[in-house]
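Peer 1: Sequence:
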Amino acid sequence: MNPGEIEILLVEDDPRFAQRIKRNLESEGFIIDWVERGDLAIEKIRAKAYHLLLTDIKMPGSSGIDLLEAVKIRPGFDPDLPVVMLTSIDSVETAVQSMRLGAADYIKKDAGRDEVIQRLHKVLGEARIHRENLDLKARISAGAISEGLVALSPAMAGLMSEIRELAPTPVTILIQGETGVGKEVIAREIHSLSGKPTDHWVAINCAALPEDDKFQSEVFGHERGAFTGASERKRGQFEQAENGTLFLDEVGELSLDSQAKLLRVLETGEFSRMGGTQTLQLKARILLATNKDLRREVQEGRFRNDLFFRISIAPITIPPLRRRHEDIEPLSRLLMQDYSRRYGKQPRQFSKAALERLQAYSWPGNVRELRNVVESLLVRGKTGEVGPDELRLEGPSQGGAAVVVQLPEQGMSLDEIERMAVEQALEKAGYNQSAAARLLQISPDRLAGRVKKFGLMRSNEGG
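For the sequence shown, the numbering used here begins at 1 and goes up steadily by one.
Hints were generated in silico from the structure; no laboratory data involved.
Keep in mind that the hints are not guaranteed to be accurate.
[Stated by the list, open to error] Beta-carbon label-pair distances, calculated as ranges:
#: 1; residue 1: Leu256; residue 2: Gly384; range: 53 to 59 Å
#: 2; residue 1: Phe77; residue 2: Asp199; range: 46 to 52 Å
#: 3; residue 1: Gln281; residue 2: Ala157; range: 33 to 39 Å
#: 4; residue 1: Lys382; residue 2: Leu101; range: 20 to 26 Å
#: 5; residue 1: Asp199; residue 2: Val96; range: 25 to 31 Å
#: 6; residue 1: His130; residue 2: Ala157; range: 35 to 41 Å
#: 7; residue 1: Lys382; residue 2: Arg341; range: 17 to 23 Å
#: 8; residue 1: Asp389; residue 2: Arg322; range: 20 to 26 Å
#: 9; residue 1: Phe227; residue 2: Gly455; range: 19 to 25 Å
[Claimed, not checked] BS3-like, lysine-lysine: derived pairs with alpha carbons at most 27 Å apart:
#: 10; residue 1: Lys22; residue 2: Lys122
#: 11; residue 1: Lys452; residue 2: Lys22
#: 12; residue 1: Lys452; residue 2: Lys428
#: 13; residue 1: Lys109; residue 2: Lys122
#: 14; residue 1: Lys352; residue 2: Lys48
#: 15; residue 1: Lys292; residue 2: Lys214
#: 16; residue 1: Lys44; residue 2: Lys214
#: 17; residue 1: Lys44; residue 2: Lys72
#: 18; residue 1: Lys44; residue 2: Lys122
#: 19; residue 1: Lys382; residue 2: Lys428
#: 20; residue 1: Lys22; residue 2: Lys72
#: 21; residue 1: Lys283; residue 2: Lys122
#: 22; residue 1: Lys48; residue 2: Lys58
#: 23; residue 1: Lys261; residue 2: Lys345
#: 24; residue 1: Lys283; residue 2: Lys214
#: 25; residue 1: Lys234; residue 2: Lys214
#: 26; residue 1: Lys452; residue 2: Lys345
#: 27; residue 1: Lys122; residue 2: Lys48
#: 28; residue 1: Lys122; residue 2: Lys108
#: 29; residue 1: Lys283; residue 2: Lys261
Each residue gets a CB set at the ideal place from its N, CA and C atoms; glycine is no exception.
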């Protein structure tokens, strides 16, 4: 908030001192109302919503302490109105007492202009963060925000309504959406609303398990001696998620063989460990996620038609962040609070211009990109209000050169096109896989699977 939008009530019985401090604060752009007595201040506060109360401690009639207690305790007043006490040298002890009663700060009357303005800005900033926290808590209580999930936009509110209907049922749910929209966050929300939130939660990234044997070993488990290196029995993720939730992320990356085995488990509710003969019962609820158009993948022969229909009983689609305009501001503030706790730093406020820029941006990387932007604002060491120029928004329209694949006249297979795109991205990124993944707008795990599939690891990366 700009100083020109901030209204302060000054309560001071010394007209000469009051005029001096009023001039100083107005020169900063603050809007100042001045009264000489506490009873007049009470009338002003009842009639108008101020951003801050700046009051002398020693005044004839009701003192500044009396005024502070009235604002903080009496019904009909805003107890969150920040109150700053003005004190002379001989009333410092009383000023300290006022802090115990709820004053935000006290300032000595002989303090210079710059110190007064700096401390008022600090109090106003802390008050704004406090109000934003109260607003977020109210929205959490109302069900619009939960554990990092913001659903104030119509698109997300509709999705959350769907989730609340499906979560208590055992139905398999397919979660669809672009990279970075928060598919795992939604999956965890379904788990928490399932009625069994304390039961096991197990997540698997299918893109990190491109080989059939590795996928089957991780998910089904294996017996001792099932393959070279299997020196002991291993319980798979189906078993580990017993009575809980198993989340299969990027299910569109599974091979056709692994898809067939997954389909059998979903249809029969039974599975066996690799190399074993014992039939085990599936007791976990299955959630799946993909950023692919699986219907098109079926048409292209890369995804089984029968598996697609089996997991599409209850599909849900997460809207991209660019369609969630109402969620961007509260989500940015919530992320700021989260990262400030993680790094042990004071949360920063977003200026009006910064929020407007966040809302105008297209967010090609969705919520994941917003997380990175907010985290960067804290770790770079700056303090104070976030300005629009600090925002590192580097979507495709602003970023580096695009990855371009030249299609020869005789054509080429989709695998060949994909390999060329991955190769070009790696070269452009200097073989930094995180940077290459950003160029391709896919997750690092998915890129790692492609690098291994196409044998594109350099000699010193073979492991």
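Peer 1: Next, verify each hint and record whether it holds.
Peer 2: Status of the hints after comparison with the structure:
no.: 1; hint: Leu256 x Gly384: 53 to 59 Å; result: 55 Å, holds
no.: 2; hint: Phe77 x Asp199: 46 to 52 Å; result: 47 Å, holds
no.: 3; hint: Gln281 x Ala157: 33 to 39 Å; result: 37 Å, holds
no.: 4; hint: Lys382 x Leu101: 20 to 26 Å; result: 34 Å, violated
no.: 5; hint: Asp199 x Val96: 25 to 31 Å; result: 51 Å, violated
no.: 6; hint: His130 x Ala157: 35 to 41 Å; result: 27 Å, violated
no.: 7; hint: Lys382 x Arg341: 17 to 23 Å; result: 18 Å, holds
no.: 8; hint: Asp389 x Arg322: 20 to 26 Å; result: 22 Å, holds
no.: 9; hint: Phe227 x Gly455: 19 to 25 Å; result: 22 Å, holds
no.: 10; hint: Lys22 x Lys122; result: 18 Å, holds
no.: 11; hint: Lys452 x Lys22; result: 69 Å, violated
no.: 12; hint: Lys452 x Lys428; result: 18 Å, holds
no.: 13; hint: Lys109 x Lys122; result: 18 Å, holds
no.: 14; hint: Lys352 x Lys48; result: 23 Å, holds
no.: 15; hint: Lys292 x Lys214; result: 22 Å, holds
no.: 16; hint: Lys44 x Lys214; result: 72 Å, violated
no.: 17; hint: Lys44 x Lys72; result: 15 Å, holds
no.: 18; hint: Lys44 x Lys122; result: 24 Å, holds
no.: 19; hint: Lys382 x Lys428; result: 31 Å, violated
no.: 20; hint: Lys22 x Lys72; result: 24 Å, holds
no.: 21; hint: Lys283 x Lys122; result: 54 Å, violated
no.: 22; hint: Lys48 x Lys58; result: 24 Å, holds
no.: 23; hint: Lys261 x Lys345; result: 48 Å, violated
no.: 24; hint: Lys283 x Lys214; result: 22 Å, holds
no.: 25; hint: Lys234 x Lys214; result: 12 Å, holds
no.: 26; hint: Lys452 x Lys345; result: 40 Å, violated
no.: 27; hint: Lys122 x Lys48; result: 23 Å, holds
no.: 28; hint: Lys122 x Lys108; result: 16 Å, holds
no.: 29; hint: Lys283 x Lys261; result: 17 Å, holds
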